[in-house]
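Chemist: Based on these hints, arrange chain R on the given structure of chain F.
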Amino acid sequence: MLKIGRRAVRLPRHEYGKDDVIEVKTRIIHPNHNGRHKYEDKGYIAQHFIHLIEVYYGDQLIISMDASAGISQNPYFTFALKATHSAPLRVVWKDTHGEEYTETVDIRV
Amino acid sequence: MIWREAITRRGLLGKWIALSAVLLFRRRVEGEELPFELASEVPEGRTLQERLTPILAGRTPRHERVTLTMPPLAEDGGTVPLQLDVESPMTDLDYVQKLYLIADQNPDPLVFSASLHPGAGSARWKLNIRLADSTRIRAFAEMNNGDLFVNEVEVAVLVGGCG
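The listed protein sequences derive, respectively, from chains F and R.
Reminder that position 106 of the first sequence reads as 106 in my numbering, one-by-one numbering, no gaps.
In my numbering, each residue's number is its place in the second sequence (first place is 1) plus 109.
Same shape as in the complex, but just chain F (with noise of 0.2 Å):
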């Protein structure tokens, strides 16, 4: 089982210039427990996922998702994005435990 928490935010692998719009993929692993599994007779597994994810182009916060456990396990977000200039591009994920967790990859046009 991979670790809760390990996360990847991809960048295309092609040229791009400036004013293009390119996809940016982006995955954490976490369980996103919805609440509603039962586990053996014990009750069930409580909820713990991810609610809060961010996207900020250089300073400039340009997505915030508020999530529910509607979103599957591991999860998988991937935007389109038009590359305007070259900042840092950081993705925040927040879960109901309190973590946070950030990636960061550079946009250079």
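Simulated from the structure, these hints should not be mistaken for lab results.
Please note that the accuracy of each hint is not assured.
Unchecked claim - Quick list of in silico lysine-lysine cross-link-like pairs, DSS-like style, CA-CA up to 25 Å:
(1) F:LYS3 - R:LYS235
(2) F:LYS25 - F:LYS3
(3) F:LYS94 - R:LYS124
(4) F:LYS25 - R:LYS235
(5) F:LYS38 - F:LYS3
(6) F:LYS94 - R:LYS207
Claimed, not checked - Partner residues are not named here, just some residues of chain R that face chain F (Cβ under 8 Å, in silico):
(7) TRP125
(8) SER129
(9) LEU147
(10) GLU150
(11) PRO216
(12) LEU219
(13) VAL220
(14) PHE221
(15) SER222
(16) ALA229
C-beta atoms are modelled at their ideal positions from N, C-alpha and C, and glycine is treated no differently.
Modeler: Chain R alone, transformed into the frame defined by chain F:
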């Protein structure tokens, strides 16, 4: 070193059994520590109406500009892929401000609500969601001028992914 006792098939068999018993027991003890917490009850669900009302806010959404792409049949409700596209220039004057995804039959129908900034330059997303049952899925896009657009699809789910 001299062996006190001869190595016999029976002797080795006995040792092997003892060793595996010890290893098995250790695994069981380690297994007591669960990688998750337990709860006595499931979280409270939400009604569709409760989730839709604040999104609609009295408006009637138009069936334009939003494209929601999902497989018509999902074998595993635990992981259903979707793609969401909104036609928008994404400029400071005209951009997608909010995105909502509603799965009518889920215990909490609101899968996500999101805010966007024109700096994203595009509103095209892909992600995987859970579906409890065969359901209608609605994707809402709210523009910065308050216009509300929607697209709906039906997905048949073979094995639910919520419990």
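Chemist: Taking the hints in turn, state whether each one holds.
Modeler: Taking the hints in turn, this is what the structure says about them:
| no. | hint | verdict |
| --- | --- | --- |
| 1 | F:LYS3 - R:LYS235 | holds (24 Å) |
| 2 | F:LYS25 - F:LYS3 | holds (19 Å) |
| 3 | F:LYS94 - R:LYS124 | violated (50 Å) |
| 4 | F:LYS25 - R:LYS235 | holds (9 Å) |
| 5 | F:LYS38 - F:LYS3 | holds (22 Å) |
| 6 | F:LYS94 - R:LYS207 | holds (20 Å) |
| 7 | TRP125 | violated (29 Å) |
| 8 | SER129 | violated (24 Å) |
| 9 | LEU147 | holds (4 Å) |
| 10 | GLU150 | holds (7 Å) |
| 11 | PRO216 | holds (7 Å) |
| 12 | LEU219 | holds (6 Å) |
| 13 | VAL220 | holds (4 Å) |
| 14 | PHE221 | holds (5 Å) |
| 15 | SER222 | holds (5 Å) |
| 16 | ALA229 | holds (4 Å) |
Comparing the model with each earlier hint shows violations of hints 3, 7 and 8; every other hint is respected.
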